[in-house]
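Chain residues, written in single-letter form:
Number of protein chains: 2
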Amino acid sequence: MKIIKNGCVTTPIGFKAGGFGCGIKKEGLDLGMIYSEIPAATAIMATTNIVKAAPILWCKEVMKNPVKQTVIVNSGNANACTGEQGMTDVLATAKKVGEVLGIEPESVLVASTGVIGLPLPVGKILSGIESLVPILGFSEEDGLSAATAILTTDTMIKTVGVEIEIQGVTVKIGGMAKGSGMIHPNMATMLSFVTTDVAIEVDVLQDLLNETTIDSYNMISVDGDTSTNDMVTVMANGMAGNIKLKKNAPDFEIFKEAFIYVHKSLAKQIIRDGEGATKFLEVNVRGAKTKEDARTLAKSVVTSSLVKTAMFGEDANWGRVLCALGYSGAIFDPLKVSLVFSSQIGMITLLNDGFPIAFDEAEAKKVLSETDIIITVELQEGYEKAVAWGCDLSYDYVKINGDYRS
Amino acid sequence: MKIIKNGCVTTPIGFKAGGFGCGIKKEGLDLGMIYSEIPAATAIMATTNIVKAAPILWCKEVMKNPVKQTVIVNSGNANACTGEQGMTDVLATAKKVGEVLGIEPESVLVASTGVIGLPLPVGKILSGIESLVPILGFSEEDGLSAATAILTTDTMIKTVGVEIEIQGVTVKIGGMAKGSGMIHPNMATMLSFVTTDVAIEVDVLQDLLNETTIDSYNMISVDGDTSTNDMVTVMANGMAGNIKLKKNAPDFEIFKEAFIYVHKSLAKQIIRDGEGATKFLEVNVRGAKTKEDARTLAKSVVTSSLVKTAMFGEDANWGRVLCALGYSGAIFDPLKVSLVFSSQIGMITLLNDGFPIAFDEAEAKKVLSETDIIITVELQEGYEKAVAWGCDLSYDYVKINGDYRS
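Protein sequences appear in the order of chains A and B. Adding 2 to a residue's 1-based position in the first sequence gives its number in our numbering. Adding 2 to a residue's 1-based position in the second sequence gives its number in our numbering.
Hints may be right or wrong, so weigh each one.
You can't tell identical chains apart in this list, so a pair holds if it fits in one copy or across any two.
Below 25 Å or equal to it, Euclidean Cα-Cα: the simulated BS3-like pairs (lysine-lysine) are [unchecked claim]:
1) K266 to K62
2) K270 to K66
3) K27 to K246
4) K4 to K266
5) K266 to K249
6) K367 to K387
7) K4 to K246
Because the hints were derived from the structure by calculation, they are not lab data.
Generate coordinates for the entire structure from the input sequences, incorporating the hints supplied.
Structure follows, in structure tokens:
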């Protein structure tokens with residue numbers, strides 16, 4: 003697998019993209035689009051939140067036919083809790099895109115992100131679509147422009163691109179995401195858009211996305227809040243020219259590995275840019291009885307406000323990690339737990355087989371002063387493991403969210 | 003029911019209490035005790051966290067006989083994650099108390115609160131007990147001294163006392179609690195100690211405590227972290243002289259109402275003094291299909307970091323409330339929801355039957371500038387309701403917890 007520098011949604015063959023500022027946000031780009039030259043096998047995962055934004059309801063409806071050609075995304079307004087008007091606005095958006103591109107509205111996925119509960123400024127979006135379509139392009143710059151248009155409180159774009167060989171043919175996968183706050187995906191996540199030129203059975207693509215989501219987006223948390231607008235989409239247009247991938251096909255595993263890499267990369271980029279984040283936390287749980295236990299335990303630690311504030315304070319307050327493991331709901335014997343904090347400059351063992359190990363506070367402070375911190379828990383209950391990613395809880399998280407709307 | 007000003011654990015007849023500084027904390031009182039002149043019917047609820055502190059394990063063990071005479075509590079060290087040594091230290095503590103008071107060690111409940119994972123300075127506690135027992139007293143001052151000794155990051159003591167008439171006899175209930183951080187009780191909670199001179203069947207007392215906990219301590223959250231040391235104890239010494247209370251006895255409901263009042267009062271005092279809290283939030287969920295749904299929904303809102311930061315910022319970002327309802331796990335129709343924010347100076351309707359209501363931002367800011375904020379949600383799904391209490395998430399929460407140990 004080759005990782006492509008500045009890879010993005012336009013990396014695979016046949017995908018155009020672009021971004022435009024239509025005036026929803028006070029400044030900058032706020033309307034992004036991805037367009038496949040030919041209809042693409044498409045898979046999506048959408049939020050499990052009962053309160054679903056209008057665009058989510060639209061996508062779920064039109065995915066009855068899992069072949070799509072474009073995705074239109076606006077930032078600055080989530081079009082959530084907007085009632086019937088919200089649905090009318092989504093339909094108008096899809097219709098306008100279809101009209102300008104000469105495709106069916108049902109072939110258009112719509113996504114929104116931003117403030118909840120304000121009416122969508124649909125007029126701006128409709129005229130924005132007319133300006134955006136003509137400037138869509140195949141270049142890296144066009145892909146990065148789309149990646150910029152979908153951001154809200156994000157401080158950096160999140161993109162990825164990889165290249166693999168399948169059946170002697172070059173296949174590419176690209177992606178972009180937005181994250182930052184209201185990030186605690188369940189079954190699906192924030193906004194993430196992946197493109198690939200692989201030829202693949204659409205059922206296989208959807209299964210693969212379901213499976214991948216569990217260990218990528220569903221293992222990250224910024225603040226424990228599962229959004230109303232979470233969505234991941236994957237469009238595979240088959241233009242790489244490989245023989246259509248089925249499960250267990252030769253080279254399927256190569257594609258799968260690259261596919262997982264792309265989604266994990268986007269998930270981790272979201273965490274690295276979590277609202278107010280100063281630290282990137284990786285929690286490894288090993289030796290769990292079941293895979294589900296391992297995931298539950300890792301997420302419990304990465305979600306704990308007390309663990310997060312301790313990490314912000316670079317304080318090796320390891321009791322909070324054990325406490326978070328203990329209330330997770332998973333069963334284990336605390337007297338068998340080992341616990342290690344590490345970063346690139348060293349590691350500190352805090353607990354060995356349930357026994358607290360004396361450590362040097364100055365040394366611990368040094369290890370925790372790094373940006374990337376790894377918390378490793380060994381349970382000795384079985385052989386399953388899981389990894390979760392999160393960030394610290396800082397003054398800036400409070401500041402950003404104390405007055406988000408103004 | 004009469005509420006007694008400065009009521010506390012010494013309010014009921016026959017209970018002595020006191021506090022002493024034995025040097026676990028850098029300064030101030032850190033060892034508290036409650037002593038009943040005669041053995042008391044006792045009920046407890048303890049943390050559901052799998053990682054249970056040594057004193058919790060002790061209490062669960064000795065509660066096989068639910069008659070107790072004293073509670074000893076230290077602050078500054080949680081005696082959690084301390085392995086076998088932790089258990090040895092609890093036993094030594096109970097033995098010393100028994101020896102000095104001339105009672106069985108098994109008649110002594112032990113509780114601890116403070117840093118997790120450090121060995122208990124048991125020597126200080128043992129000599130502290132020798133100094134503390136002679137100064138125990140029946141006065142209000144003695145009760146308040148015990149209430150002070152159990153605090154950690156708390157900024158104020160939490161006590162309550164009430165008086166009722168049962169069968170023509172005066173019965174009193176008193177209580178004290180500590181809270182502040184790692185507050186998200188499940189089945190039981192932080193530390194809370196209630197005394198009463200009522201005569202009551204011990205099974206009835208335990209059932210009543212179980213029932214009361216669900217709608218008091220289990221409905222509060224400061225930070226979503228369920229502690230390793232949570233415990234509520236109730237001691238009823240029968241010295242009021244009423245005929246022993248059974249369920250459905252005459253006047254049982256009068257006692258029950260007062261009992262619930264005492265626990266809710268302590269629970270709310272804990273929230274009011276939540277770490278870094280600047281606001282007291284009450285979330286009312288009405289019209290739910292089931293009681294369990296109502297509780298789940300209310301707790302989901304009061305626990306949401308995004309709702310909490312919006313309240314800190316006095317920002318009527320109501321979409322976050324709807325979002326938190328939506329990911330709670332309870333099923334409801336978002337298009338039937340009504341939502342109101344209120345405080346003592348006014349109310350703002352944000353959503354009516356799922357339809358967003360335009361509101362005046364300046365007016366909303368004014369309503370939210372008050373300290374006590376009420377969020378009311380009407381679901382129109384049924385007739386059940388629940389109330390949860392929480393606080394906002396402020397810079398100071400991050401500050402307090404970024405470097406708790408130093």
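query: In ascending order, which of the hints set out earlier in this document are inconsistent with the structure?
result: Violated hints (numbers, rising): 2, 3 and 6; every other hint is consistent with the structure.
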